[in-house]
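Undergrad: Given next are the chains, with one letter for each unit.
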Amino acid sequence: MNIVVLIKQTFDTEAKIQLTGDGKVSDQGVNLIINPYDEFAVEEAIRIKEAKGGEVTIVSMGGDKAQEAIRQALAMGADKAVLISDPALAEVDHYVAAKVLAKALEGMEYDLILTGWVAIDDQSAQVPGRLAEILGLPQANVVTKLELEDGKAVCHREGDGAVEVLEVPLPAVITAQKGLNEPRYPSLKGIMQAKKKELKKVTLQDLGLSAEEAKAKIVGYQLPEARQAGKVVEGEPADTVRQLVEFLTKEAKVI
Amino acid sequence: MGKVFVIVEQKNGALRKATYEVLGAGRQFADQLGAEFAAVIAGQNVGGLVDEVASYGPDKIFVADDEKLANYTTGAYSDVIGKILLKEQPDYVLLSHTAVGKDLAPRLAQKLEAGLASDCTAAVVEAGELVLTKPIYAGKAFATVKSGGGTMLATFRPNALGSFTPAGSKNPEVVQVPVEIDPEALRVLIREIVEKATGRVELTEAEIIISGGRGMKGPENFAMLEEIADILGAAVGASRAAVDSGWREHSDQVGQTGKTVSPILYIAVGISGAIQHLAGMGSSKVIVAINKAPEANIFKVADFGIVGDLFQVLPVLKEELQKVVGK
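First to last, the protein sequences are chains A and B.
At position 206 of the first sequence (counting the first as 1) the number is 206 in our numbering, and the numbers step up by one without a gap.
At position 171 of the second sequence (counting the first as 1) the number is 171 in our numbering, and the numbers step up by one without a gap.
The hints are simulated quantities; they were obtained by calculation from the structure and are not laboratory data.
There's no promise every hint is true.
[Stated by the list, open to error] Heads up, incomplete: computed chain A residues facing chain B, CB under 10 Å, no partners named:
{"id": "1", "residue": "18"}
{"id": "2", "residue": "25"}
{"id": "3", "residue": "32"}
{"id": "4", "residue": "36"}
{"id": "5", "residue": "127"}
{"id": "6", "residue": "165"}
{"id": "7", "residue": "223"}
{"id": "8", "residue": "232"}
{"id": "9", "residue": "243"}
{"id": "10", "residue": "245"}
{"id": "11", "residue": "252"}
[Said to hold, decoys possible] Cross-link-like lysine-lysine pairs, in silico, DSSO-like; alpha carbons within 30 Å at most:
{"id": "12", "chain 1": "B", "residue 1": "87", "chain 2": "A", "residue 2": "217"}
{"id": "13", "chain 1": "A", "residue 1": "103", "chain 2": "A", "residue 2": "145"}
{"id": "14", "chain 1": "A", "residue 1": "231", "chain 2": "B", "residue 2": "323"}
{"id": "15", "chain 1": "B", "residue 1": "292", "chain 2": "A", "residue 2": "253"}
{"id": "16", "chain 1": "B", "residue 1": "259", "chain 2": "A", "residue 2": "217"}
[As the list claims (entries may be wrong)] Restraint-style ranges between C-beta atoms, simulated for each label pair:
{"id": "17", "chain 1": "A", "residue 1": "226", "chain 2": "B", "residue 2": "218", "range": "33 to 39 Å"}
{"id": "18", "chain 1": "A", "residue 1": "208", "chain 2": "B", "residue 2": "1", "range": "39 to 45 Å"}
{"id": "19", "chain 1": "A", "residue 1": "196", "chain 2": "B", "residue 2": "217", "range": "46 to 52 Å"}
{"id": "20", "chain 1": "A", "residue 1": "1", "chain 2": "B", "residue 2": "113", "range": "29 to 35 Å"}
{"id": "21", "chain 1": "A", "residue 1": "47", "chain 2": "B", "residue 2": "318", "range": "40 to 46 Å"}
{"id": "22", "chain 1": "B", "residue 1": "196", "chain 2": "A", "residue 2": "226", "range": "34 to 40 Å"}
{"id": "23", "chain 1": "A", "residue 1": "1", "chain 2": "B", "residue 2": "31", "range": "49 to 55 Å"}
{"id": "24", "chain 1": "B", "residue 1": "309", "chain 2": "A", "residue 2": "88", "range": "55 to 61 Å"}
{"id": "25", "chain 1": "A", "residue 1": "88", "chain 2": "B", "residue 2": "1", "range": "32 to 38 Å"}
{"id": "26", "chain 1": "B", "residue 1": "113", "chain 2": "A", "residue 2": "151", "range": "28 to 34 Å"}
{"id": "27", "chain 1": "A", "residue 1": "47", "chain 2": "B", "residue 2": "1", "range": "34 to 40 Å"}
{"id": "28", "chain 1": "B", "residue 1": "89", "chain 2": "A", "residue 2": "136", "range": "18 to 24 Å"}
{"id": "29", "chain 1": "A", "residue 1": "226", "chain 2": "B", "residue 2": "87", "range": "43 to 49 Å"}
{"id": "30", "chain 1": "A", "residue 1": "246", "chain 2": "B", "residue 2": "51", "range": "41 to 47 Å"}
From the three backbone atoms N, C-alpha and C, an ideal C-beta is built for every residue, glycine too.
Whenever a hint applies, use it, and build me the whole structure from the sequences.
TA: Below you can see the structure in the form of structure tokens.
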């Protein structure tokens, strides 16, 4: 069972967002992590490999710093990695990203493509579906349980207020949701081994691609207006609750 | 003349609540753009929905009715709807950012080789084009997105656009679309659909949410929140601390690694207000916090806060709300 796991390096969930002088999102002083949902995908791939054999290949797009995220995935137990790194990819949309990833997967042998259902930075949740469409593969999105049976994956997909149990023939694109597993911490041995594992860097030119126009253009970034702290009361519940209910019914008029 | 399309979402023959907003907004955007407005309904036995959809004023309704569309599957729905869109080449395609919308939209966008702005919380028509606003970093910042030229898709977060009164029917042309699904698109089989039997409104669509955190001290105490939720017709959420402690299911989690919600009223109980939780509910219209620690972060964003022991406050709150709501 050969598995490709797509990962993205993102800001830490605790990161404060600030804008640079020219209105872009600043990465100054921000901790970088593997997108948490991608980490579930890495863990799942390694568990499958441990149970059934095969190879886990990490594929990522990003700058040089993304190597840290990749090394972490390798330290967890993935076998090798490809980093697509090119200045022309600094500000791509998901249409271009999916095309580049699809091209990078050409010639690789895989039974399964795993990734997180969403990245916590742009929270777009687009690349997996777009990639599946380009590759002509079936997909199961937002999966909290994955079991492999003869040539297919049985997936629990989180719907709105329901869980769908899907039978997905392989190869397929399957995206991880929290709850799928508990990712391991890399062991010291794993970290040492990861340093020797293959990490191939490729550019757009290596993939035979050239820079392409985005289909969706980001024209600006804004920070949200800070919320003002409101009224805070303390005292006997009978009194504080009465004030709250009065606020909800008369002032805010939400009940 | 341009075209604005809305993909209607239905479940078991009833329109999803989030669809009304997108239909209402779609009519408005189409008017401002001077564009034709069309709705697409896909499903099985959905003919009965045509009149209701028509009341939102589309000029045209496309209906794809087939037993293979009885339940949502990525393959069948994207195949059928994708074919309609490829033929019609609309300028804008609008969906709800629901479990279905966020699964379907990327595949449709790729079929159309189009852009997609997902999870949008606002949109305005400026200089003849739709300018979309979407949260990034779980609402710690926003990006403004426009089409790069061709068709542009957008999914909208439920409750973000506000409510719309139906514009009134324009006696739309109803087009029955022949359904011929590529067998490749039917490869995924639904083995089972397990409905969550809470009887409560879905978290992402709820107008009122009451959430509990570490301060709830244990899973059994969430019953207090559930009782209040039932009085208010609210959904029950949880912080990451409560979910990681195993007290609530992950699907209840509000925050950066859970659901991002924007209800009219959000009541945070025993939640300290970690940045990643605030990111998930910061766009709520009114925030109420109940916490015993006066220095808790949650009070910095709350419109109304009670410093106090939730185990004393909640029973009184339940009683008072019962009087007001009269249930």
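Undergrad: Work down the list of hints and note, for each, if the structure agrees.
TA: Now the hints, each set against the structure:
At its closest, the beta carbon of residue 18/A sits 9 Å from a beta carbon of chain B; the interface hint therefore holds under the 10 Å criterion. Taking 10 Å as the C-beta cut-off, the interface hint given for residue 25/A holds, the closest approach to chain B being about 6 Å. Taken as an interface hint, residue 32/A does not check out: its beta carbon lies about 13 Å from the nearest beta carbon of chain B, beyond 10 Å. Satisfaction of the interface hint for residue 36/A is found here, the shortest Cβ-Cβ separation to chain B being roughly 5 Å, below the 10 Å cut-off.
Evaluation of the residue 127/A hint against chain B yields a held restraint, the C-beta minimum of about 8 Å falling below 10 Å. The beta carbon of residue 165/A comes within 4 Å of a beta carbon in chain B, closer than 10 Å, and the hint placing it at the interface holds. Annotation: interface hint on residue 223/A holds; nearest CB of chain B at approximately 6 Å, less than 10 Å. The interface hint given for residue 232/A holds, since its Cβ lies 4 Å from the closest Cβ of chain B, which is under the 10 Å cut-off.
Because the beta carbon of residue 243/A sits about 8 Å from the nearest beta carbon in chain B, less than 10 Å, this interface hint is met. The criterion of a C-beta within 10 Å of any C-beta in chain B is met by residue 245/A, whose closest approach is roughly 5 Å, and the hint holds. The beta carbon of residue 252/A is positioned within 10 Å of a beta carbon in chain B (closest approach about 5 Å), and the interface hint is therefore held. With a C-alpha separation of about 24 Å, the suggested pair residue 87/B and residue 217/A falls inside the 30 Å cut-off, and the hint holds.
Distance hint between residue 103/A and residue 145/A is fulfilled; the C-alpha atoms sit about 29 Å from each other, no more than 30 Å. With a C-alpha separation of about 23 Å, the suggested pair residue 231/A and residue 323/B falls inside the 30 Å cut-off, and the hint holds. About 25 Å separates the Cα atoms of residue 292/B and residue 253/A, which keeps this hinted pair within 30 Å; it holds. Using a Cα cut-off of 30 Å, the hinted pair residue 259/B and residue 217/A holds, with the two alpha carbons roughly 26 Å apart.
As the Cβ distance of residue 226/A to residue 218/B is approximately 34 Å, the hint placing it in 33 to 39 Å holds. One distance hint, 39 to 45 Å for the beta-carbon pair residue 208/A and residue 1/B, holds here, with the actual separation near 40 Å. For the pair residue 196/A and residue 217/B, the supplied restraint of 46 to 52 Å holds, since their beta-carbon distance comes to about 48 Å. For the pair residue 1/A and residue 113/B, the supplied restraint of 29 to 35 Å holds, since their beta-carbon distance comes to about 32 Å.
Roughly 44 Å separates the CB atoms of residue 47/A and residue 318/B, a value that falls within the hinted 40 to 46 Å. For residue 196/B and residue 226/A, the Cβ-Cβ distance of about 36 Å falls inside the hinted range of 34 to 40 Å, so the restraint holds. Checking the proposed 49 to 55 Å range against residue 1/A and residue 31/B shows it holds: the Cβ atoms sit about 54 Å from each other. For the pair residue 309/B and residue 88/A, the supplied restraint of 55 to 61 Å holds, since their beta-carbon distance comes to about 58 Å.
At roughly 37 Å, the beta carbons of residue 88/A and residue 1/B sit within the given window of 32 to 38 Å. Separated by about 31 Å at the C-beta atoms, residue 113/B and residue 151/A satisfy the suggested range of 28 to 34 Å. For the hinted restraint 34 to 40 Å between residue 47/A and residue 1/B, the CB-CB distance of approximately 54 Å leaves it violated. Judged by the Cβ atoms, the range 18 to 24 Å given for residue 89/B and residue 136/A holds: they are separated by roughly 22 Å.
The given range of 43 to 49 Å is respected by residue 226/A and residue 87/B, whose C-beta atoms sit roughly 47 Å from each other. Between residue 246/A and residue 51/B the beta carbon distance is about 42 Å. The supplied range of 41 to 47 Å therefore holds.
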